[in-house]
Amino acid sequence: MAHVSNTRRTTSRFALGDVLAVAGLGLAAAVVIGARARRPSVRAKTVPAAPEAALAARRVRDGAAILGASVLLDSAMEHYRGRFHNAAMYLAPATAAISIAAALAEPRRERLETPLRIGHALALTVGFAGLGFHVYNVAKRPGGFSWNNLFYAAPLGAPGALVLSGLLGLASEAPTGLGRERHRDDEHWTERYGEEGRFLAAVAGASLLAETAEVWLLHFRGAFHNPAMYLPVSLPPAAAASLLAQAIAPRRGSRAFARLSLRATAVLGFAGTGFHIYGVQRNMGGWRNWHQNALAGPPTPAPISFTGLALAGLAALDLIDAAGKPNR
Amino acid sequence: MTRPVGAASHGAEVRPRAQGGRAPDVFSRDGTVAMREFRDSDAVDFAIVGTGCGGGVLAAKLAEAGFSVVALDAGPFWRPLADFASDEREQDKLYWLDERVSGGEDAIELGSNNSGRCIGGTTVHFQMVSLRFRPEWFKARTKLGYGFDWPVDWRTMWRYYAEVENACKISGPISYPWGPPRGRYPYRAHEVNAAGLVLARGAEALGVAWAPTPLCTVSAPHGKSPPCVYRGLCKIGCSTNAKQSVLIAFIPRALAAGAEMRDLAMVGRVETDGNGRATGVHYHRSGEWRFQRARNVVVSGYSIETPRLLLNSASPQHPDGLANSSGAVGRYLMVHSNHAVWGEFDEEIRWYKGPPSMACCEHWNYVDDHPTKDFFGGYSFMSQGPLPTDFATSMVTNSGVFGMDLRRRMANYNRMAGLKIVGETQPQAENRVTLADEADEFGIPRAHVAFSYCDNDKRLYRHSLTFMRRMLAAAGGRNIFETESTAHLMGGCRMGLSPDDSVTDADGRTWDVPNLFVCDGSLMPTASGVNPAMTIMANSARIADRIKALAAAGDL
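Residue numbers (numbering that gives the first Met the number 0), protein chains in the order written: chain A, 0 to 327; chain B, 0 to 555.
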């Protein structure tokens with residue numbers, strides 16, 4: 000009976016406000032650091048990448064940064080909800096911040112290339128480790144991989160967003176890396192855009208499908224109680240399908256639909272954020288009780304990740320488009 | 000009996016709120032919604048006595064079908080957001096605690112576990128466990144060799160279960176381990192709390208199935224109801240409206256469709272004319288007796304008040320009480336045995352968190368042949384989350400612990416878990432409601448309730464105690480002890496196939512008085528091994544459709 004006196008629950012060392020403040024500062028710092036490294040260097044020794052390639056790479060990296068921001072805020076909130084009971088839980092928001100800075104930075108300054116690559120690889124690695132932790136968290140509960148545990152234990156798909164952020168960061172090197180070696184007198188260099196674009200389309204399309212699977216699980220948990228909850232499980236897969244179609248066989252005719260569905264997916268990221276803000280309001284006490292409902296309601300930082308993936312998909316289409324154009 | 004703390008709630012208990020063309024808006028703290036009103040002299044299509052699983056569901060469906068409906072309830076019309084306190088004693092105001100005389104060898108305690116008194120009825124304080132009958136139970140006599148056959152086919156009931164489960168947005172598991180397929184529950188099951196995981200661990204250790212309990216509280220927003228916040232005070236009235244009680248899920252529908260709700264209206268007598276037909280109800284409201292005329296009367300007062308009202312409505316044509324030519328009014332009253340085992344655990348459980356019964360096991364409802372099964376019928380059991388006063392009271396009354404011993408045990412409250420059965424009892428003619436000699440404040444004879452377990456009932460709960468003891472120990476429980484109590488009421492005016500041994504036909508229409516219906520849990524011929532709320536609601540939804548069909552055929 001020794002434990003009788005110890006029935007008081009230890010409370011977290013921080014309040015949600017503290018966590019959000021730290022996460023916000025981390026996000027701001029990552030953006031500032033990344034943006035400083037983004038400015039073009041006047042002393043650049045290599046030939047600047049071709050404009051289409053540079054623009055596409057930029058868009059992919061912006062997408063990766065948006066994904067990173069989503070992971071940073073979401074994991075800070077959700078891991079706070081889990082009271083950071085495992086120290087590894089701090090890694091998710093910290094790595095996301097690094098991922099944001101690395102994605103926003105411009106890799107054409109050579110001395111930055113390796114650190115940025117490490118940043119992306121770190122996001123990829125920590126994301127995969129997170130998947131492992133989350134799988135373990137589900138598996139150890141009574142019922143194992145039951146629906147109840149998939150719904151309420153550590154979300155299996157969530158660390159995947161960190162993986163995708165790192166993956167997009169690395170993938171963004173495809174156009175720039177190859178572009179740097181090119182010379183304006185090379186008559187064939189735009190043809191390589193096609194391969195690079197198709198590779199990116201495959202990455203972005205598969206990422207969209209993975210993200211959709213996670214959204215489906217959680218919206219299914221919410222019983223699709225609002226018809227709008229079907230949008231993010233129908234629009235992004237359509238965009239993903241059209242992207243994958245471009246990756247397999249880049250046909251110009253169907254590219255307009257791909258572009259349209261990706262733009263709609265990008266807008267959906269913002270609309271989803273609005274819906275989730277409204278969803279929090281529908282909990283008992285609404286936003287007046289934000290310190291509980293921001294955690295209990297739908298995650299407000301989550302939907303914007305669709306915008307990030309859509310940007311990467313649009314960049315892929317841009318590259319594929321550029322492949323058909325004459326050399327300048 | 001009740002000690003209100005809030006001015007608002009006190010007002011609801013002394014002054015009717017549903018009047019002047021307005022009724023309380025249950026989704027607000029002090030708002031109202033429009034309500035159609037009828038005059039006493041209007042012969043309404045239906046006067047319904049009671050507004051719970053029976054009357055509340057019926058009022059909504061009949062009003063939506065275009066009938067004129069007045070539903071009367073003895074209790075107040077609460078606004079949960081304003082009137083419900085997080086205090087066990089304050090919330091005693093939800094129970095029917097008027098004095099009743101309880102007798103028999105195993106006299107039952109009446110109140111929190113079985114009787115409600117407010118608009119919405121017992122569902123305002125029920126524990127939201129939303130299970131379906133095993134199909135064979137509807138033909139228990141023919142198929143399983145005990146009890147009494149229902150005059151209804153299980154497939155019909157299955158459809159109406161689906162209807163009311165959808166109306167209440169039941170949050171249940173994706174796949175349910177027992178019985179035939181039941182379609183997908185409208186909402187997903189809640190996260191199982193630590194008390195439920197104790198049951199899960201024990202079930203996995205013993206090799207029997209378990210499931211997250213289908214619950215009548217939403218796991219995602221629904222209309223004006225927010226999702227459950229797992230405060231754990233559900234049993235004493237949900238103060239967020241996540242719980243889909245009849246007050247929340249059906250009364251607003253009934254009002255919107257033009258039904259009138261009369262709160263604080265105690266019906267004392269159903270009047271019949273010289274032809275033996277019902278003409279209306281006498282009721283007491285705002286300090287005076289009044290008479291509401293009606294073309295049809297439906298009694299939905301549950302297993303004690305329904306027989307009491309029928310017995311008190313005797314007339315020269317019905318000398319033994321209304322609809323009692325069979326002598327079955329008040330008889331075959333059943334309860335659920337509510338025996339439990341409790342144990343202490345090493346880890347913190349905090350069983351008060353969330354709805355009280357988040358995991359369930361129906362194993363012994365579906366096993367017929369087993370060497371240890373020495374009884375007819377079945378039982379289910381659920382994980383538990385009793386509130387402190389409730390649990391302390393239970394320990395004092397069951398084991399007599401007191402003083403420092405009680406204090407020491409209660410200090411372990413956050414590290415306890417328990418399993419409690421819903422155990423079937425057999426319908427026995429001598430378990431019955433009669434009129435006592437003494438009268439209540441309205442001059443109506445009090446109900447006398449006699450109940451005794453039969454040998455089969457005792458074998459059943461003994462079996463459950465042995466099994467649950469093993470399971471709790473397998474889950475890591477120590478210092479295991481047992482308690483006993485009862486929950487729920489079933490029967491008292493059972494429906495059947497013959498006027499000789501039942502009060503009503505399959506439509507709830509009394510055999511003796513063609514324009515008098517019964518629609519509540521008292522119709523149940525057998526008790527089953529599951530909580531009765533969904534079955535009563537499904538049966539009421541079915542009766543509503545039957546009444547519509549009868550009206551369409553000119554047979555009302």
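Treat the hints as calculated values from the structure; they're not laboratory data. Nothing here was measured: the structure is a model prediction, and the numbers come from that model. The reader is advised that the hints may include incorrect statements.
As the list claims (entries may be wrong) - Computed far set for chain B versus chain A, every beta-carbon distance over 12 angstroms:
#1 Arg-183
#2 His-189
#3 Lys-223
#4 Thr-239
#5 Lys-457
Said to hold, decoys possible - Pairs of lysine to aspartate or glutamate, DMTMM-like flavour, derived with a Cα cap of 20 angstroms:
#6 A:Lys-139 - B:Asp-345
#7 B:Lys-352 - B:Asp-504
#8 A:Lys-139 - B:Glu-87
#9 B:Lys-457 - B:Glu-108
#10 B:Lys-138 - B:Asp-368
#11 B:Lys-142 - B:Asp-368
#12 A:Lys-139 - B:Glu-203
#13 A:Lys-139 - B:Glu-190
#14 B:Lys-138 - B:Asp-148
#15 A:Lys-139 - B:Glu-346
#16 B:Lys-352 - B:Glu-87
#17 B:Lys-142 - B:Asp-367
#18 B:Lys-352 - B:Asp-86
#19 B:Lys-547 - B:Asp-504
#20 B:Lys-372 - B:Glu-36
Stated by the list, open to error - Rough simulated footprint, nothing fancy, chain A against chain B, three-plus residues with beta-carbon under 8 angstroms:
#21 192-201
#22 278-290
#23 431-438
Note that CB positions come from ideal geometry on N, CA and C, so glycine has one too.
Hints, verified against the model:
| no. | hint | result |
| --- | --- | --- |
| 1 | Arg-183 | 9 angstroms, violated |
| 2 | His-189 | 8 angstroms, violated |
| 3 | Lys-223 | 9 angstroms, violated |
| 4 | Thr-239 | 5 angstroms, violated |
| 5 | Lys-457 | 32 angstroms, holds |
| 6 | A:Lys-139 - B:Asp-345 | 18 angstroms, holds |
| 7 | B:Lys-352 - B:Asp-504 | 43 angstroms, violated |
| 8 | A:Lys-139 - B:Glu-87 | 36 angstroms, violated |
| 9 | B:Lys-457 - B:Glu-108 | 18 angstroms, holds |
| 10 | B:Lys-138 - B:Asp-368 | 18 angstroms, holds |
| 11 | B:Lys-142 - B:Asp-368 | 14 angstroms, holds |
| 12 | A:Lys-139 - B:Glu-203 | 13 angstroms, holds |
| 13 | A:Lys-139 - B:Glu-190 | 15 angstroms, holds |
| 14 | B:Lys-138 - B:Asp-148 | 4 angstroms, holds |
| 15 | A:Lys-139 - B:Glu-346 | 16 angstroms, holds |
| 16 | B:Lys-352 - B:Glu-87 | 15 angstroms, holds |
| 17 | B:Lys-142 - B:Asp-367 | 11 angstroms, holds |
| 18 | B:Lys-352 - B:Asp-86 | 15 angstroms, holds |
| 19 | B:Lys-547 - B:Asp-504 | 16 angstroms, holds |
| 20 | B:Lys-372 - B:Glu-36 | 55 angstroms, violated |
| 21 | 192-201 | holds (count 3) |
| 22 | 278-290 | violated (count 0) |
| 23 | 431-438 | violated (count 0) |
Hint compliance for this structure: hints 1, 2, 3, 4, 7, 8, 20, 22 and 23 are not met, and every other hint is.
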